Amino acid sequence: MAETLLTAELDATHTAPTFAELGVRAEIVRALGEIGIERTFAIQELTLPLALAGEDLIGQARTGMGKTFGFGVPLLHRIATAESGTTPLDGTPRALVIVPTRELCIQVTKDLENASKYLTNHQGPLRVASIYGGRPYEAQIEALRAGVDVVVGTPGRLLDLADQQHLILGKIGVLVLDEADEMLDLGFLPDIERILGMVPDKRQTMLFSATMPGPIITLARTFLNRPTHIRAEEPHDSAVHDRTAQFVYRAHALDKSELIARILQAESRGATMIFTRTKRTAQKVADDLAERGFAVGAVHGDLGQIAREKALTKFRKGAIDVLVATDVAARGIDIDDVTHVINYQCPEDEKTYVHRIGRTGRAGRTGVAVTLIDWDELNRWSAIDSALGLGIPEPVETYSRSPHLYTDLGIPEGVTGVIRKPKPERDPDAVVVERTARAPRKRNRKRTRGGKPIDDAPETADSTDTAVADAEQAGEADAADKPARRRRRRRKSTGDATDVTATDESSTEAADDNGGAEESETSDRPARRRRRRRRSGEGDLTAEDTGSAAEPAAAASA
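So the sequence shown is numbered by UniProt numbering: it starts at 1 and just counts up by one.
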């Protein structure tokens, strides 16, 4: 199918038209005006006339140049206008936006909700729903049942709900693929083809991305009808913002944490994003910076969706000013006031590099991009530099104490890799009360372990004397009981000794006659009987018991 390439060279004297001048509905113009958007960016100025007419197109522009409203405004305009060719709104989805990541899904949904604030359908306000993984199915199914006009989602969850007949795609009039090149990189092509088989053939299709490699153009030709390829800059222009200052350093892996800690203390630094290649590295860097005293959060695949959304919310609101993330956050995270982007590890290719540093210098602002290259990453960086024409093939060897690092980034002299926070002052009276309350508890616990003196906490003289007096009283009480029991035992043992002596004499003579066989029986049995009677508490032996016990002994001696 034929393809038209449209490029534009916009000079500094060019005045961008307003959305109203391009024919956008008044409700959308009013909603955009309330959030401070009146005039169009270059990509919006070029795409709106074609998109409002219902033509298929491929939009390409650098990150942060308004691609979301480049397809969002014509999408909302067409489904809200009955004569545009789309089916009237009845609670069934009329527009579908497919995005590669959950974070981008949330961002696009928020932008569309802001722009459609005053649009209505047959039941009330126009509704936009986000469908993505990591969240329960029930809430998303309930939203679809209540009626949705625009659906923004990731391919996997969209297919799940479509297969379960909860998501109806048979009335889709406008289809948008945002960050289309990323979908190919993540292996979403089979899912995209299945979704394309569920939507009607008669539709408007738009593709938007900052980079459009050859495979994307080939894919576009298979399901777009005579698309127009729009680029908001000259073909020889770099995909990187001119307002972004780029610094590339060759750094040692063991010194990167210290080096980044000093970069984060630059005078002009604001919100900062740090990118890594792996999830484990992202969490490690975040933990290390937190120990150094920085307000930092993390976004990567090992975290749950709720934790990732909380970290992004804190970063947007300013509760944290450092966000460590993998490339999952390099797409579509629209935060205007990011001043610095740091590549902790070299990106995989030039497209990833463009999207990473595109988080700063957005919407006409300036930014700083710092890339740290290890020795084993020099070949990868050389390929990125050659593809983008940056002119930095050999990064300068840099350490955390290199003078040019402080000069390039405006780092004050004397900073260290740790932010020292003053310790909170404590009320002296509160400390005294705390010690007074804890001292008796420690002393009692020590005494129960054997009466050892307390040596780990100071004691007063009164408390020490009281402890000694208690110990003496306890000793006297024990002494009053123990001698009585000892005297009774002495009387028993004395009697036993007398009886045993008499028994031993008789048992010796019996042993001479019987060869020693009767020795144990004669010497043990009488003694065991007498001991059992005394232990059972029957009292002292009577005269009859004494006589009966002595008769066998006398008989034996005779």
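Just so you know, not all the hints are guaranteed correct.
Okay, derived cross-link-like pairs now, BS3-like style, lysine-lysine, Cα gap no bigger than 30 Å in a straight line [stated by the list, open to error]:
| hint | residue 1 | residue 2 |
| --- | --- | --- |
| 1 | K317 | K171 |
| 2 | K314 | K279 |
| 3 | K317 | K279 |
| 4 | K117 | K256 |
| 5 | K117 | K284 |
| 6 | K202 | K284 |
| 7 | K314 | K284 |
| 8 | K256 | K279 |
| 9 | K284 | K310 |
| 10 | K117 | K279 |
| 11 | K317 | K110 |
| 12 | K117 | K171 |
| 13 | K202 | K110 |
| 14 | K279 | K202 |
| 15 | K117 | K317 |
| 16 | K314 | K171 |
| 17 | K256 | K110 |
| 18 | K310 | K279 |
| 19 | K317 | K256 |
| 20 | K256 | K284 |
| 21 | K202 | K171 |
| 22 | K171 | K256 |
| 23 | K202 | K256 |
Quick list of simulated restraints, FRET-style, between CB atoms [stated by the list, open to error]:
| hint | residue 1 | residue 2 | range |
| --- | --- | --- | --- |
| 24 | R39 | G414 | 20 to 30 Å |
| 25 | G187 | T18 | 32 to 42 Å |
| 26 | A26 | G54 | 19 to 29 Å |
| 27 | A26 | A290 | 43 to 53 Å |
| 28 | L378 | A245 | 17 to 27 Å |
| 29 | S268 | V418 | 12 to 22 Å |
| 30 | P190 | N225 | 15 to 25 Å |
| 31 | G91 | G54 | 19 to 29 Å |
Rather than coming from a laboratory, the hints here were simulated on the basis of the structure.
Keep in mind the model is a prediction, meaning the values are calculated, not measured.
All C-beta atoms in this analysis are idealised placements derived from N, C-alpha and C, irrespective of residue type, glycine included.
Checklist entry - Hint by hint, which ones does the structure fall short of? => result Hints 1, 4, 5, 6, 10, 14, 16, 17, 22, 23, 24 are the ones this structure does not satisfy, whereas the remaining hints hold.
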